[in-house]
Amino acid sequence: NAGVTQTPKFRVLKTGQSMTLLCAQDMNHEYMYWYRQDPGMGLRLIHYSVGEGTTAKGEVPDGYNVSRLKKQNFLLGLESAAPSQTSVYFCASSYDGPTAGTQYFGPGTRLTVL
Amino acid sequence: GDSVTQMEGPVTLSEEAFLTINCTYTATGYPSLFWYVQYPGEGLQLLLKATKADDKGSNKGFEATYRKETTSFHLEKGSVQVSDSAVYFCALSDYWSNSGGSNYKLTFGKGTLLTVNP
Numbered sequence: 001n002a003g004v005t006q007t008p009k010f011r012v013l014k015t016g017q018s019m020t021l022l023c024a025q026d027m028n029h030e031y032m033y034w035y036r037q038d039p040g041m042g043l044r045l046i047h048y049s050v051g052e053g054t055t056a057k058g059e060v061p062d063g064y065n066v067s068r069l070k071k072q073n074f075l076l077g078l079e080s081a082a083p084s085q086t087s088v089y090f091c092a093s094s095y096d097g098p099t100a101g102t103q104y105f106g107p108g109t110r111l112t113v114l
Numbered sequence: 001g002d003s004v005t006q007m008e009g010p011v012t013l014s015e016e017a018f019l020t021i022n023c024t025y026t027a028t029g030y031p032s033l034f035w036y037v038q039y040p041g042e043g044l045q046l047l048l049k050a051t052k053a054d055d056k057g058s059n060k061g062f063e064a065t066y067r068k069e070t071t072s073f074h075l076e077k078g079s080v081q082v083s084d085s086a087v088y089f090c091a092l093s094d095y096w097s098n099s100g101g102s103n104y105k106l107t108f109g110k111g112t113l114l115t116v117n118p
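Residue numbers (the numbering used here), protein chains in the order written: chain A, 1 to 114; chain B, 1 to 118.
Because the hints were derived from the structure by calculation, they are not lab data. Keep in mind it's a predicted model, so treat the numbers as computed, not measured. For every residue, glycine included, the Cβ atom is placed at its ideal position computed from N, Cα and C. There's no promise every hint is true.
DEER-style ranges, computed between Cβ atoms [unchecked claim]:
#1 Thr115(B) to Met19(A): 42 to 48 Å
#2 Gly53(A) to Leu113(B): 23 to 29 Å
#3 Gly63(A) to Phe18(B): 24 to 30 Å
#4 Ser14(B) to Ser80(A): 26 to 32 Å
Heads up, incomplete: computed chain B residues facing chain A, CB under 7 Å, no partners named [as the list claims (entries may be wrong)]:
#5 Pro10
#6 Val11
#7 Tyr39
#8 Glu42
#9 Arg67
#10 Val87
#11 Phe108
#12 Gly109
#13 Lys110
#14 Gly111
Next comes chain A alone, as it looks inside the complex (with noise of 0.2 Å):
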């Protein structure tokens, strides 16, 4: 049972290029997410979605796109990189919705754009 993976662990990537953060959950979750963190300001959800073939905005979705075709996979594109997107994303994964499911976390990607 490995949990929450994600792919790659560390990405340098040049301003224009684009690049596909991968998630994967063994644990049968319905709920999944993608967040970055940033010095100083927490998380901050950028996607998520409730279940296999459904993708939703957070709050800073600009610049990034989603998609989960399978439901143990989600996946989030940067299509055109700026160095305002040079952060740690973290994806996480729930049984239930945020306010009663403890939601697992991925060990993080630690994207630099330069």
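The hints should help you fit chain B onto chain A, whose structure is shown.
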């Protein structure tokens, strides 16, 4: 919107000292409250939670009580260990909406770095 304010760190303590990390919140409804912990190089883990007023969450010697009258959820531990060194996040669940839809989400505080020295 709803928000979480927690004491700024860093907090540095000696082993076996008493720990308090203050957390207050503003919310229009009756949110659930959480403490998450992030150990170096890892993702966040749920430490404890409380879902209604006067509930006490506890885990690994940590505890926090949901105080509706003071809108607080302070984290305490009687005797910290070096292994407790981590960043601690207070969070609440709240209902939000924007042009993209509406749902519940977690709102996190900025985090408090705790360092425990032997």
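Enumerate the violated hints, using their earlier numbering and listing them in ascending order. Violated hints (numbers, rising): 1, 2, 3, 4, 5, 6, 7, 9 and 10; every other hint is consistent with the structure.
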